[in-house]
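S.K.: Sequence:
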Amino acid sequence: MTKNDEAAQAVRNFVRVANIIANLDTILTEAKNLSLTAKNARVVALRAGDSAFGFKPITNFIDEFSDLTIKTTKQISQLSSQLFSIALSVVRCSDFQHHLNACAKHSQSKAINHLQRGINRELMQTIKQLESVIDHLESYFEDIKKQMRSAEYIAVTSRVEASNAGEFSESLQSVSDFITGAAKKIKSAIHNNLKEINQLKGALR
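All residue numbers for the sequence shown refer to the numbering used here, where the first residue is 198 and numbers rise by one.
It is possible that part of the hints are untrue.
[Claimed, not checked] Here are the in silico distance ranges between beta carbons for each label pair:
id : residue 1 : residue 2 : range
1  : V240      : E328      : 40 to 48 Å
2  : V357      : K236      : 17 to 25 Å
3  : F258      : Q322      : 51 to 59 Å
4  : M321      : S371      : 48 to 56 Å
5  : V357      : G399      : 18 to 26 Å
[Said to hold, decoys possible] Restricting the straight-line Cα-Cα distance to at most 30 Å, the calculated cross-link-like pairs of lysine-lysine (DSBU-like) are:
id : residue 1 : residue 2
6  : K271      : K307
7  : K392      : K236
8  : K384      : K325
9  : K392      : K271
10 : K307      : K325
11 : K236      : K343
12 : K268      : K392
13 : K253      : K229
14 : K307      : K398
15 : K384      : K398
16 : K302      : K382
17 : K229      : K342
18 : K325      : K229
19 : K253      : K343
20 : K325      : K271
21 : K236      : K253
22 : K253      : K398
23 : K229      : K384
24 : K382      : K343
25 : K236      : K271
Calculated directly from the structure, the hints in this document are not laboratory data. Beta carbons are placed, not taken as given, at the ideal position from N, Cα and C, and that holds for glycine.
Required output: the full structure, derived from the provided sequences and hints.
M.R.: Structure representation (structure tokens):
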């Protein structure tokens with residue numbers, strides 16, 4: 198790979214990082230919506246009384262995994278800010294390295310050679326930092342995937358309980374449908390981010 202190719206690759210990696218951060222908005226938004234849905238479902242379940250007795254503990258589960266997803270996503274957001282900063286440093290280092298290499302073709306200056314060695318070391322260190330943050334991110338995304346599997350199980354269970362809630366059945370049924378839809382959107386965003394991470398890891402090897 199030429200130095201021009203390496204600089205272009207650094208930019209592509211930076212774009213992948215930006216895509217990961219954009220997908221986080223979807224995950225956090227849907228997790229917050231799930232939390233709000235749990236609160237609304239709890240109100241409906243209370244109004245329904247004994248006919249929705251089995252639905253009440255389900256709202257607690259919805260609250261738990263939505264809060265956990267929000268917490269995990271916020272942790273990811275902090276890590277992503279770090280990832281964004283490091284990816285930007287990689288782009289800048291690659292660009293500076295490219296300019297130094299171009300200068301070296303026309304001059305054998307010791308100063309330029311010294312700068313080249315310095316920027317090469319800095320670039321390698323920055324890439325290692327990037328790899329470390331990517332590994333942490335991947336672990337967080339896998340955690341959210343597990344949370345969404347729990348969400349899908351809860352959606353199935355809540356659908357069964359909603360069918361026994363009499364006149365409130367339709368309202369509680371809509372809660373089940375929303376959980377399914379939100380889990381699907383979050384899983385899709387996670388899938389996209391894991392795909393971006395795999396491409397990033399492949400590019401950094």
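S.K.: Please go over all the hints and tell whether each is borne out by the structure.
M.R.: Now the hints, each set against the structure:
{"no.": "1", "hint": "V240 - E328: 40 to 48 Å", "verdict": "47 Å, holds"}
{"no.": "2", "hint": "V357 - K236: 17 to 25 Å", "verdict": "21 Å, holds"}
{"no.": "3", "hint": "F258 - Q322: 51 to 59 Å", "verdict": "44 Å, violated"}
{"no.": "4", "hint": "M321 - S371: 48 to 56 Å", "verdict": "54 Å, holds"}
{"no.": "5", "hint": "V357 - G399: 18 to 26 Å", "verdict": "43 Å, violated"}
{"no.": "6", "hint": "K271 - K307", "verdict": "47 Å, violated"}
{"no.": "7", "hint": "K392 - K236", "verdict": "33 Å, violated"}
{"no.": "8", "hint": "K384 - K325", "verdict": "28 Å, holds"}
{"no.": "9", "hint": "K392 - K271", "verdict": "20 Å, holds"}
{"no.": "10", "hint": "K307 - K325", "verdict": "27 Å, holds"}
{"no.": "11", "hint": "K236 - K343", "verdict": "22 Å, holds"}
{"no.": "12", "hint": "K268 - K392", "verdict": "22 Å, holds"}
{"no.": "13", "hint": "K253 - K229", "verdict": "19 Å, holds"}
{"no.": "14", "hint": "K307 - K398", "verdict": "35 Å, violated"}
{"no.": "15", "hint": "K384 - K398", "verdict": "21 Å, holds"}
{"no.": "16", "hint": "K302 - K382", "verdict": "51 Å, violated"}
{"no.": "17", "hint": "K229 - K342", "verdict": "16 Å, holds"}
{"no.": "18", "hint": "K325 - K229", "verdict": "34 Å, violated"}
{"no.": "19", "hint": "K253 - K343", "verdict": "23 Å, holds"}
{"no.": "20", "hint": "K325 - K271", "verdict": "24 Å, holds"}
{"no.": "21", "hint": "K236 - K253", "verdict": "11 Å, holds"}
{"no.": "22", "hint": "K253 - K398", "verdict": "44 Å, violated"}
{"no.": "23", "hint": "K229 - K384", "verdict": "15 Å, holds"}
{"no.": "24", "hint": "K382 - K343", "verdict": "14 Å, holds"}
{"no.": "25", "hint": "K236 - K271", "verdict": "21 Å, holds"}
Hint compliance for this structure: hints 3, 5, 6, 7, 14, 16, 18, 22 are broken, all remaining hints hold.
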